[in-house]
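Using the sequences plus the hints, can you model the full thing?
So the sequence lines, in the order shown, correspond to chains P and X.
UniProt numbering numbers the first residue of the first sequence as 1 and each following residue consecutively.
UniProt numbering numbers the first residue of the second sequence as 1 and each following residue consecutively.
Incorrect hints may have been included.
[As the list claims (entries may be wrong)] Derived BS3-like pairs: lysine-lysine, alpha-carbon spacing no greater than 30 Å straight-line: (1) X:Lys120 / P:Lys207; (2) X:Lys197 / P:Lys197; (3) P:Lys197 / X:Lys122; (4) P:Lys120 / X:Lys118; (5) X:Lys65 / X:Lys13; (6) P:Lys197 / X:Lys13; (7) X:Lys118 / P:Lys65; (8) X:Lys13 / P:Lys198; (9) X:Lys65 / P:Lys198; (10) P:Lys13 / X:Lys198.
[Stated by the list, open to error] Quick list of the computed label-pair ranges, beta carbon to beta carbon: (11) P:Val180 / X:Gly28: 37 to 43 Å; (12) X:Thr29 / P:Asp102: 34 to 40 Å; (13) X:Thr29 / P:Lys13: 49 to 55 Å; (14) X:Gly104 / P:Glu169: 50 to 56 Å; (15) P:Asn159 / X:Ser23: 57 to 63 Å; (16) X:Val60 / P:Tyr43: 46 to 52 Å; (17) X:Ser23 / P:Lys207: 18 to 24 Å; (18) P:Arg142 / X:Arg53: 56 to 62 Å; (19) P:Arg142 / X:Val180: 40 to 46 Å; (20) P:Tyr85 / X:Ser23: 54 to 60 Å; (21) P:Glu169 / X:Asp77: 32 to 38 Å; (22) X:Ala103 / P:Lys13: 51 to 57 Å; (23) X:Arg98 / P:Ala160: 20 to 26 Å.
Just so you know, the hints here were simulated from the structure itself, not pulled from any lab data.
Where is the CB? At the ideal position from N, CA and C, for every residue including glycine.
Protein chains: 2
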Amino acid sequence: MTNNNGWTQKSDKGILIVLSGPSGVGKGTVCSALRQCTSDLVYSVSATTRSPRAGEQEGVNYFFKSKEQFLSMIERDELLEWAEYVGNYYGTPREFVRSTLDAGKDIILEIEVQGALKVKQKFPEGVFIFLLPPSLDELEQRIVTRGTDSMDAIRSRMNAAREEIALLEHYDYAIVNDRVELACQRIQAILEAEHCKKERYLPVLQKWLEEVH
Amino acid sequence: MTNNNGWTQKSDKGILIVLSGPSGVGKGTVCSALRQCTSDLVYSVSATTRSPRAGEQEGVNYFFKSKEQFLSMIERDELLEWAEYVGNYYGTPREFVRSTLDAGKDIILEIEVQGALKVKQKFPEGVFIFLLPPSLDELEQRIVTRGTDSMDAIRSRMNAAREEIALLEHYDYAIVNDRVELACQRIQAILEAEHCKKERYLPVLQKWLEEVH
Chain P
1 MTNNNGWTQK SDKGILIVLS GPSGVGKGTV CSALRQCTSD LVYSVSATTR SPRAGEQEGV
61 NYFFKSKEQF LSMIERDELL EWAEYVGNYY GTPREFVRST LDAGKDIILE IEVQGALKVK
121 QKFPEGVFIF LLPPSLDELE QRIVTRGTDS MDAIRSRMNA AREEIALLEH YDYAIVNDRV
181 ELACQRIQAI LEAEHCKKER YLPVLQKWLE EVH
Chain X
1 MTNNNGWTQK SDKGILIVLS GPSGVGKGTV CSALRQCTSD LVYSVSATTR SPRAGEQEGV
61 NYFFKSKEQF LSMIERDELL EWAEYVGNYY GTPREFVRST LDAGKDIILE IEVQGALKVK
121 QKFPEGVFIF LLPPSLDELE QRIVTRGTDS MDAIRSRMNA AREEIALLEH YDYAIVNDRV
181 ELACQRIQAI LEAEHCKKER YLPVLQKWLE EVH
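Have a look at this one:
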C-alpha cells in the first residue's frame, strides 16, 4: 500500500514462509532454486554456536554466538525454535524474521518437520508448506541413490519419513516435489495468493471507506 | 491423483471459484481474459426464463427454462442462487457446478456481490474472490467514462459500490483490477495455491500411509 487512496497487490507487511518436509525430499534444492528465481525473497539466517568456517559471514550465513549468548537468547524467548546438533546449538532468531516482515519483505525458512512445528507455536501467522516426494518409493530411491546410508539406516529413515509425512495435517499447504521448477512455481503461486488474502486488505479498506469523498 | 502410489498436484475434485465485485469494476473483462489464457477452466452456465437470442445455444450460453420449470428448480433447491431482473429469472444450477467439480474440473462463476453471498451460503467450500478497483476515484472514472449514467445515477452507483466493498470481509481473497492481465495472473495463482491446500491431500495420504510397503 503505497498511498492512502488505493492498493497495490502487496501489503505493507511481508509473509513468513516455512518450507519443511521429510529428510531426503529435496528442501535444500527447492530453496536454492527459489532463491535464484525470486530475487525479493529473504532467507532466514540462523543463529549458531558453531565456529565460522572459511568464507562464512556474520549475518549472511549465520549469526555466530557464544554458548552463553545462545542460552540467554533461549531464556529471553528470542528464538522461534532451536535444537542441539553434534554439540552445537542452532536456532531461528525472532528479531530477524520480525524486522524483515515489518520492512514489507517476504522471508523463507527451510527447516525440518519438528522445527517447523515449534515455529508454528510461536508464529502461527506464518504460511507452512510441506514438501512431499512424488511417492514413498521415490523417496526411498533418492535416499538409496545418495549412497551414504546402510540398509538399516535406510529402513529407519523411511520409517521416520512416514511419521513425518503424517504431520502434514499441521501445515497449510502440500507441495509435491516432482520437478524442482514446478515446486518453485507452486511456492510462488502460494506466496502470490497469500498476498491476496482478504485479511490483508480489511484494515486499509476500512480507512479508505471512512475517508471523506 | 492418478495412481494409488503417488500424487499429482491436482486433486480428484475441481474447485469452484466465485468472482465478484462492485458494478463497474471489470468482472466481465477479467473473466473473458481468463477464459482466453486458461483453457481448462469451465464457465458456469446460468439458467434463465428469458428467450434465447439469435445464436445462443442451450447449455452453452444458458439453460433455457420456462417460468414453471424455473420455479420448480427453486422449490427443489436446485439453484445455488437466483434473482429476478426486468421480468426474467436468472439462476445458477447446482447440478452443473457439482458434475463439473466431480469430473475434476475447476469452474468459475462471475456474479454480482449479493448473488455471491447467496452462493456462499449453499456452497461454502467455494473460493470467493472479490475484485477491487485500484481506488474509488478510479471506479468513479470508469463509470463516468461509460457515459450511460446521469450525475445522480453515478452518485447512487458509487454509494452502492461503497456498500458492496464493505462486504469484502465475507470473501476469501481480494484482487485489485489495476491491469487485466495482472488480475488474471493473481486468479491463476489463487487457483494453483488452492489446489495445494493440505486438506486436499490428507485423504489420499492416509490411504497411502496405510499401504503395506
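Hint by hint, here is what the structure shows:
For the hint linking Lys120 of chain X to Lys207 of chain P, the alpha-carbon distance of about 26 Å falls within 30 Å, and the restraint holds. Of the supplied pair hints, the one linking Lys197 of chain X and Lys197 of chain P holds, its CA atoms being roughly 14 Å apart against a limit of 30 Å. Pair hint Lys197 of chain P plus Lys122 of chain X holds up; C-alpha atoms about 22 Å apart against a cutoff of 30 Å. Using a Cα cut-off of 30 Å, the hinted pair Lys120 of chain P and Lys118 of chain X is violated, with the two alpha carbons roughly 35 Å apart.
Using a Cα cut-off of 30 Å, the hinted pair Lys65 of chain X and Lys13 of chain X holds, with the two alpha carbons roughly 29 Å apart. In summary, the hint linking Lys197 of chain P to Lys13 of chain X is supported, as the alpha carbons are separated by about 22 Å, within the 30 Å threshold. Of the supplied pair hints, the one linking Lys118 of chain X and Lys65 of chain P is violated, its CA atoms being roughly 57 Å apart against a limit of 30 Å. Distance check on the hinted pair: Lys13 of chain X and Lys198 of chain P sit about 24 Å apart at the alpha-carbon level, within 30 Å; holds.
Between Lys65 of chain X and Lys198 of chain P the CA atoms are separated by roughly 37 Å; this puts the pair beyond 30 Å, and the hint is violated. Taken as a hint, the Lys13 of chain P and Lys198 of chain X pair is honoured in the structure, with Cα atoms around 24 Å apart against an allowance of 30 Å. Remark: the range hint 37 to 43 Å for Val180 of chain P to Gly28 of chain X is upheld by a beta-carbon distance near 38 Å. The given range of 34 to 40 Å is respected by Thr29 of chain X and Asp102 of chain P, whose C-beta atoms sit roughly 36 Å from each other.
Look at Thr29 of chain X against Lys13 of chain P: about 30 Å separates their beta carbons, and that is not inside 49 to 55 Å. Checked against the given bound of 50 to 56 Å, the beta carbons of Gly104 of chain X and Glu169 of chain P, roughly 23 Å apart, lie outside it. A beta carbon spacing of about 58 Å between Asn159 of chain P and Ser23 of chain X agrees with the range 57 to 63 Å that was offered as a hint. Under the hint 46 to 52 Å, the C-beta atoms of Val60 of chain X and Tyr43 of chain P, about 50 Å apart, fit the expected range.
The hinted range of 18 to 24 Å is satisfied by Ser23 of chain X and Lys207 of chain P, whose Cβ atoms lie roughly 23 Å apart. A hinted range of 56 to 62 Å holds for the C-beta pair Arg142 of chain P and Arg53 of chain X, which are about 59 Å apart. Between Arg142 of chain P and Val180 of chain X the CB atoms are about 42 Å apart, so this pair conforms to the stated range of 40 to 46 Å. The hinted range of 54 to 60 Å is satisfied by Tyr85 of chain P and Ser23 of chain X, whose Cβ atoms lie roughly 59 Å apart.
The hinted window of 32 to 38 Å between Glu169 of chain P and Asp77 of chain X holds, with their beta carbons roughly 33 Å apart. Checked against the hint of 51 to 57 Å, the pair Ala103 of chain X and Lys13 of chain P fails, with Cβ atoms roughly 39 Å apart. Against the hinted window of 20 to 26 Å, the Cβ-Cβ separation of Arg98 of chain X and Ala160 of chain P comes to about 41 Å, which falls outside the hint.
The structure fails hints 4, 7, 9, 13, 14, 22, 23 (numbered hints given earlier, in ascending order).
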